[in-house]
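Protein chains: 2
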Amino acid sequence: MGKVGIIGLGLIGGSMGLALKRAGLQDTDIIGFDRDRDVESRALKFGAVDKLARTLEELASQASIIVIATPIVSIEKVMREIAPHVQRGAVVTDTASTKGSVMRWARDVLPQGVHFVGGHPMAGKEQSGPQAAEAGLFHDRPYVIVPSVDAGPGAVNAIIGLAEAIGARPFFLDADEHDAYAAAISHVPLVASVALFALARGSSAWPELAGMAGPAFTDLTRLASGHPEMSHDICLTNKQNISHWIDRYVAELRRMQELIEGEDEEVLFRLLAETQIERENFLAKPPERERPGLPDDMPTPSQSFLNLLAGSMWAERAREITTSLEDRARDREREDRLRRRRD
Amino acid sequence: MGKVGIIGLGLIGGSMGLALKRAGLQDTDIIGFDRDRDVESRALKFGAVDKLARTLEELASQASIIVIATPIVSIEKVMREIAPHVQRGAVVTDTASTKGSVMRWARDVLPQGVHFVGGHPMAGKEQSGPQAAEAGLFHDRPYVIVPSVDAGPGAVNAIIGLAEAIGARPFFLDADEHDAYAAAISHVPLVASVALFALARGSSAWPELAGMAGPAFTDLTRLASGHPEMSHDICLTNKQNISHWIDRYVAELRRMQELIEGEDEEVLFRLLAETQIERENFLAKPPERERPGLPDDMPTPSQSFLNLLAGSMWAERAREITTSLEDRARDREREDRLRRRRD
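Those protein sequences? They're chains A and B, same order as listed.
Residue numbering for the first sequence follows this note's numbering, beginning at 20 and increasing consecutively.
Residue numbering for the second sequence follows this note's numbering, beginning at 20 and increasing consecutively.
Warning: the hint list may mix true and false statements.
[What the hints assert, rightly or not] Below, simulated DSBU-like cross-link-like pairs (lysine-lysine); rule was C-alpha separation at most 35 Å, straight line: (1) Lys64(B) <-> Lys40(B); (2) Lys70(B) <-> Lys144(B); (3) Lys144(A) <-> Lys304(A); (4) Lys304(B) <-> Lys258(B); (5) Lys258(A) <-> Lys40(B); (6) Lys96(B) <-> Lys64(B); (7) Lys304(A) <-> Lys40(A); (8) Lys96(A) <-> Lys144(A); (9) Lys144(A) <-> Lys64(B); (10) Lys40(B) <-> Lys304(A); (11) Lys304(B) <-> Lys64(A); (12) Lys304(B) <-> Lys70(B); (13) Lys304(A) <-> Lys70(B); (14) Lys70(B) <-> Lys144(A); (15) Lys70(B) <-> Lys96(B); (16) Lys144(A) <-> Lys70(A); (17) Lys258(A) <-> Lys144(A); (18) Lys40(A) <-> Lys96(A).
If you're looking for bench data, these hints aren't it; they were derived computationally from the structure.
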């Protein structure tokens, strides 16, 4: 009997449990833990977990895959608490929105023989808690995988398998790339959304503004309703990247402001028309990122995921393969980028 | 037989027609006109209008209520073309997203005895054309009404009735207020959305960014898919207000950037938490704006609307009422604002 342990049973942890159960894994138990007893019992009631562990130790000593889905700033503490109890060969992953700090904590805290593979499912909504969880939350969403230097290819493969089991589209980045890109594509939108709401709310004309607000304002400020603790953690653990991209966002706004104030109507029109076309292209078909190829003799990700759950500790053998999957993935990405720059 | 004429049969004009027909007005014909024959025939096919006018003259000489739902920059030209033919006592309205220019054009172009009442239904979506039209587009949406100085109370009342017939929530602003507020609540969100998309799209990391994009990015950039001609018109006819609010938006972003970079974590958390609560309050119950009260001897808006359509030209009598509805509304709003400032 394989065991997946989920620590933190809010929106993401709860949805992960529901999605894994919908995937119909045989002989797999999902054990859950949350500091909040209320959250725990709701997650159990909604069927996000099969049972609850009474302590982190109980969970850590049983699970072959451990998913840490707590707020970012709690992750280091959770790692310290589970470290003495995690099985050798087990794979630990997380779901945090920033990866630099998490990867450092894993390196410093988790013992040798435990594989850490960072993860970031690019999914969410403004509601939180297990009552907001849904099995389909990750469906067709990108799932960034950030292997630690020590993680064996089998462990990496298992997390690819996990991501695929819940319907997501896994792809690789290193922690620095992840945090830089996430700042642009996820954290600055969050800041932009909060700032837009705060701007209108802080105006003396707020009653008029609110009365006039249509779908544009409501949609653009959606992220301002996100969980403040989560937003706060993101800002604290990705300061420099977010600040850098705010600078670039402000520069873009200033560029548009100049065009709006300026006399050359055509340039503004061209910008608006091009942006519309590019966004339609993006919606129709996001640029593809290939998944790194697998050596012929390696099990597929879903096999790795299932093997690990079934107890066939494949990771040791996989370690022998000298060119690790993640290195190859990284090399290929570097080449791709260089090629694009040359083009 | 009353006649409503709709000029411009795209998303807004088409939805207006569908909504009016769903309202089940008896003995009312909806006549449509669009420069684009294709748009005209689709609007007729989808049932947005009862029949098409061959010319603007034909439409203008028959309709007692004329809705101009063309792109903003075409409105002046349309007014010039209909001006010689509009019936005395008819009410002309528009649906443009900016009001200053439109009110000036109406004053300069439309003849004495024709009542112009500006309108701005705060509804829309990124698709355009009559095929995107829906009867429910205006349901429970704010509908700003901007009476011209010359418009009689009966005419104003008729446009309130029109807004209510299509399910919207009418309220009054003057043109300057409207354009300032719309810049904050609608046009700067548009600019923010376009800038966010252009920022990511212009980055050399775009393939990675697009691969990682989750619902945050997609939702926040939704307005970048809007009709570029419409966005362009908005920017051109509301330059100063938009530029002013971009300055304020940038200041708000800089404030957040400082908090993110700074050491005082609590201030940032407080901002995020307060914003979340305020947005939930806003969603639960937008601040109410009362509709101006009606004198006892005045027909209700829906009566006015129907009277006008039925040909009982109530406007002349209503003119005699010395305190016009719109003046009272404006006075009351001014008082409200002063009171709020004092509080």
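For each hint, the structure was consulted:
Taken as a hint, the Lys64(B) and Lys40(B) pair is honoured in the structure, with Cα atoms around 14 Å apart against an allowance of 35 Å. A hinted pair counts as satisfied when its Cα atoms are at most 35 Å apart, and Lys70(B) with Lys144(B) qualifies at roughly 26 Å. A hinted pair counts as satisfied when its Cα atoms are at most 35 Å apart, and Lys144(A) with Lys304(A) qualifies at roughly 23 Å. Under the criterion of a C-alpha separation no larger than 35 Å, the hint pairing Lys304(B) with Lys258(B) is consistent with the structure, at around 31 Å.
For the proposed pair Lys258(A) and Lys40(B), the alpha carbon gap of about 54 Å is over 35 Å, so the pair is violated. Of the supplied pair hints, the one linking Lys96(B) and Lys64(B) holds, its CA atoms being roughly 27 Å apart against a limit of 35 Å. At roughly 30 Å between alpha-carbon atoms, Lys304(A) and Lys40(A) fall within 35 Å of each other, so this suggested pair holds. Simply put, Lys96(A) and Lys144(A) have alpha-carbon atoms about 26 Å apart, close enough for the 35 Å limit, and the pair holds.
Note on Lys144(A) and Lys64(B): the hinted pairing is violated, with a Cα-Cα distance of about 39 Å set against a maximum of 35 Å. Restraint check for Lys40(B) and Lys304(A): not satisfied, since their Cα atoms lie roughly 38 Å apart, outside the 35 Å limit. Our distance criterion of 35 Å between C-alpha atoms is met by Lys304(B) and Lys64(A), whose separation comes to about 32 Å. With a C-alpha separation of about 40 Å, the suggested pair Lys304(B) and Lys70(B) falls outside the 35 Å cut-off, and the hint is violated.
As the CA atoms of Lys304(A) and Lys70(B) are separated by approximately 40 Å, the hinted pair breaks the 35 Å bound. Our distance criterion of 35 Å between C-alpha atoms is broken by Lys70(B) and Lys144(A), whose separation comes to about 45 Å. Only pairs whose Cα atoms come within 35 Å are accepted, and Lys70(B) paired with Lys96(B) is accepted, the gap being roughly 23 Å. Distance check on the hinted pair: Lys144(A) and Lys70(A) sit about 26 Å apart at the alpha-carbon level, within 35 Å; holds.
For the proposed pair Lys258(A) and Lys144(A), the alpha carbon gap of about 22 Å is at most 35 Å, so the pair holds. In summary, the hint linking Lys40(A) to Lys96(A) is supported, as the alpha carbons are separated by about 28 Å, within the 35 Å threshold.
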